[in-house]
Amino acid sequence: MLNVRSVFWLQRRWKSGGKKRWNVLQNKKNNCDRAIDSFDDFYGSVYGTRWKNMRAALLTRHKYIAMVNNFGNTEQTCSMLETDGAINMKSLINLAQERLRGTDPATEGQGQNRYEIDDKLDALLRKQQEREVASIYPSAGEDGASVQMPQQLKYDNVEAKEKTQSESKDFKQSLTKALENDVKLDEHRLVDPQFGTGGLYEYMPAHSIKGMEDWVAESEHYKYYQTSADFPLRIEPETLFHYPEHLALYTYEMGNCSDFKAPKKCLTGVSSHFMMDGASTLPPLFLQVQPGEKVLDACASPGGKSLLLLQTLHLDKLVCNDIQESRVNRVRRLMQEFLFDYKQRLAAKHLIFSQSDARNLDEYQQYDKILVDVPCTTDRHVVMEQDNNIFKPSRIKERLRIPELQSDILANCLRLLRPGGSLVYSTCSLSPIQNDGVVHMALQKVFIEHGITATIKDLSRQAELFSDVFKFEHPKGLKYGQMVIPYLPANFGPMYFSKITRNV
Amino acid sequence: MLRKLLFNTQIVLRQQKKLQCTRNLAAKAAAPKILEPVHIEEAIKLEPTLSIYTPELWRRAHETFQNHGLETVNFLRIVTANPTVLRRTPERIISSLEIWRACQFGETLLHLLLTKYPELLDVSDSHELLSHVGFLKSRVSTNKNVWKLLMNSPDLLAQSEKSIEEKVDYIMDVMRIEVPELVKSSGLSMSLEELRCRHEFLVRLGLFKPRAPKADPDEPTTNHKLYQITDTSEKTFATKICHVTLPEFEAFKDLHAREIERKTRKRKEEEDFSDDEE
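Those protein sequence lines, which keep their order, are chains A and B.
With this note's numbering applied, the first sequence covers 1 to 504.
With this note's numbering applied, the second sequence covers 1 to 278.
It is worth saying that the hints were derived from the structure and are not from the lab.
Since the model is a prediction, treat every value here as computed from it, not as a measurement.
Just so it is clear, CB atoms sit at the ideal spot from N, CA and C, and this is done for glycine as well.
Treat the hints with care, since some could be wrong.
[Stated by the list, open to error] Looking from chain B toward chain A, a few residues come up when the C-beta cut is under 7 angstroms (computed): (1) E200; (2) G206; (3) D216; (4) I241; (5) V244; (6) P247; (7) A251; (8) F252; (9) K253; (10) L255.
[Said to hold, decoys possible] Capping the alpha-carbon separation at 30 angstroms, the derived lysine-lysine pairs in BS3-like fashion look like this: (11) A:K28 / B:K266; (12) B:K266 / A:K261; (13) A:K294 / A:K261; (14) A:K29 / A:K317; (15) B:K266 / B:K184; (16) A:K28 / B:K225; (17) A:K120 / A:K445; (18) A:K264 / B:K263.
All chains, please: the whole structure from these sequences, using the hints.
This is how it looks when you write it as structure tokens:
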């Protein structure tokens with residue numbers, strides 16, 4: 001009974017109770033705190049008072065939608081979900097369609113608040129730049145020099161100018177104050193010992209700081225949002241929307257936060273249903289895949305959106321691409337779990353996995369439809385989870401340059417589309433820079449470099465069909481797309497999506 | 001409140017009517033010292049169950065209370081709110097008054113407390129009361145603060161020490177609210193779950209930032225006061241304090257309860273697991 005192997009010696013330490021030190025009580029700032037602070041600052045100025053409602057929703061667990069697996073015991077699963085009180089999304093859409101048929105299409109258009117958000121971001125960029133200048137040159141703020149700062153200069157120029165200003169003012173002040181200021185300046189120019197003191201004698205241009213050559217200012221990030229359009233762009237309303245006949249999505253009504261039952265194994269050996277963030281169902285739905293089309297999911301992992309495309313039973317060929325092996329494997333596992341004819345599909349090349357950077361795919365003009373669900377700050381993830389958090393201090397460069405990556409991916413995907421084909425760009429971020437800003441940048445880039453023009457499809461009429469389930473951004477400050485915003489009774493999203501058709 | 005006010009004015013009005021029938025006119029108009037039939041009539045109107053008691057019982061109880069410094073008006077408030085007091089023997093009334101006196105709130109404050117919550121006279125176990133009051137005092141430091149607490153939430157006497165301890169710990173350690181603010185609210189009447197839910201909601205909205213442990217206590221905060229958080233109805237709390245719609249708060253309550261449940265379940269499982277190991 002009591003053999004040696006089953007006896008474990010566990011050392012345990014019991015901390016004595018009593019009062020803890022105050023610095024223990026005041027917990028250290030972690031990645032999530034950093035993320036929420038940054039959002040408070042950024043989204044607070046973009047969304048105003050509405051941000052706090054979104055904040056509470058982001059910090060609370062999100063709501064799921066259950067997607068019934070058509071390759072399992074479909075009817076049985078549907079009836080199980082229905083007895084729990086879930087509603088089929090299809091019936092909700094049909095109801096909304098009937099309701100909207102009588103009314104005229106909304107003529108208000110998208111433009112009313114369009115320029116408001118531009119102004120807000122402009123102000124934010126200026127504020128951030130001022131703050132950075134103040135952190136590098138504390139004396140500048142005291143002198144009131146920052147007030148005179150030019151508004152739209154490049155960061156480097158601003159820095160250079162500030163420096164000359166603060167230096168030229170020094171001689172006016174008393175000697176002691178000047179000395180104090182010098183000490184302050186010195187502190188911020190400390191040279192990291194790893195570069196060696198020898199580096200001090202190298203020539204440095206007046207606008208950069210030794211040891212901080214590759215330092216990225218936070219304000220760089222906000223500069224990705226441009227407003228000048230120097231490429232032809234048409235925005236036209238999307239006319240058609242068909243809800244896929246065979247797709248069964250189940251959700252609870254707004255305000256009902258019940259959970260779904262866990263998936264079961266079906267007779268065919270696959271799981272009965274898949275649970276995903278409800279807002280993730282919208283981009284593949286609006287892609288409107290028709291039978292016989294060739295589709296690419298450019299950033300497929302974890303695979304929920306690809307699976308939804310397969311569940312419509314329309315697909316001829318689906319390519320799931322992702323950058324890392326581990327992420328591709330994750331999609332592979334998911335497909336194995338949900339498709340009983342996984343091997344046949346794989347053999348017949350109906351389902352292809354590819355592992356490559358979406359920026360380097362080069363099957364130009366091959367695809368009818370592309371789903372571009374780019375890597376983003378994943379707002380819900382970063383405020384909740386410590387792991388794989390992009391607000392980790394060491395990932396700052398990666399984070400600030402995300403818009404660049406996103407627009408490169410989107411631009412490349414536009415090239416992969418055959419003329420007349422369309423793609424849906426989506427992110428799960430509230431940031432206007434990663435949403436409209438990136439769409440703008442990518443369209444600009446493909447026009448300048450490859451002469452490709454595109455049409456933005458306005459989905460606002462279609463989004464109205466889903467207004468019983470999701471809370472959409474309204475009044476709309478978005479130029480090119482729609483956004484589901486987190487809202488406690490319907491805690492989906494955030495999810496931005498924009499449909500772009502390549503012109504013939 | 002309205003009822004008390006009405007009752008007072010009625011008494012005064014009746015007294016003025018019957019002025020000529022009484023002997024010490026001036027004295028009674030100012031502060032009635034003697035129980036009159038008209039008082040009893042009024043009291044019975046407010047609380048019909050009082051009609052079964054004989055005038056002798058009325059007189060006896062009134063005398064007892066008067067001997068202990070409670071005025072007729074206060075006596076009438078007490079009996080209308082807690083009619084069984086009349087039935088008690090003077091000894092019993094005196095003993096319960098003595099029990100309360102032992103808490104050392106001071107005569108005036110004690111009378112205010114007993115007039116506000118006459119049910120407190122039902123307390124009979126002096127040992128239990130004293131130990132409970134002692135426990136409260138250990139958390140809020142003075143007798144006066146204990147009195148303030150009881151004035152705001154008399155149900156504290158019926159709560160277990162453990163549950164009070166949990167709530168006080170939560171308010172002081174997690175919300176970082178100090179005693180003076182705590183005793184001004186009826187936050188302790190609320191269940192810990194509800195308190196935590198309201199606090200957590202404010203935190204997630206970004207409207208409540210806990211003070212730094214070493215912050216200067218005089219430094220003003222933008223946080224809402226505890227009484228604003230706890231002494232409001234759900235609708236007022238959602239719309240006036242949090243500035244959100246009621247459905248949002250209700251959804252949050254539901255989600256938060258599920259979250260707590262998930263967490264406790266997880267913790268339990270972990271504990272079970274570690275027990276297995278040992």
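Holds or violated: A:K28 with B:K225, Cα cutoff 30 angstroms?
holds (26 angstroms)
Are the Cα atoms of A:K120 and A:K445 separated by 30 angstroms or less?
Roughly 25 angstroms between the alpha carbons, so the hint for A:K120 and A:K445 holds.
Below or equal to 30 angstroms on CA atoms is what counts here, so check A:K264 against B:K263.
holds (24 angstroms)
When you check the alpha-carbon spacing of A:K29 and A:K317, does it fall within 30 angstroms?
violated (47 angstroms)
Can B:L255 be said to touch chain A, with a Cβ gap under 7 angstroms?
holds (5 angstroms)
Have a go at the B:G206 hint: is there a Cβ in chain A nearer than 7 angstroms to its own Cβ?
holds (5 angstroms)
B:I241 as an interface hint toward chain A, with CB separation required under 7 angstroms
With Cβ-Cβ at 12 angstroms, over 7 angstroms, it is violated.
Under 7 angstroms is the threshold here; is the Cβ of B:F252 close enough to any Cβ of chain A for the hint to stand?
holds (5 angstroms)
Using 7 angstroms as the Cβ threshold, decide whether B:P247 counts as touching chain A.
holds (5 angstroms)
Supplied contact hint for B:K253, tested at 7 angstroms Cβ to chain A:
At about 9 angstroms, which exceeds the 7 angstroms cut-off, the nearest Cβ of chain A leaves the hint on B:K253 violated.
Against the 30 angstroms threshold, does the CA-CA distance of B:K266 and A:K261 hold or violate the hint?
Measuring from Cα to Cα gives roughly 18 angstroms; hence the hint holds.
Chain A contact restraint for B:V244 - C-beta distance below 7 angstroms:
Holds: closest Cβ of chain A sits about 6 angstroms from B:V244, inside 7 angstroms.
Hints 1, 3, 4, 9, 13, 14 and 15 from the list above are not met by this structure, while the remaining hints are.
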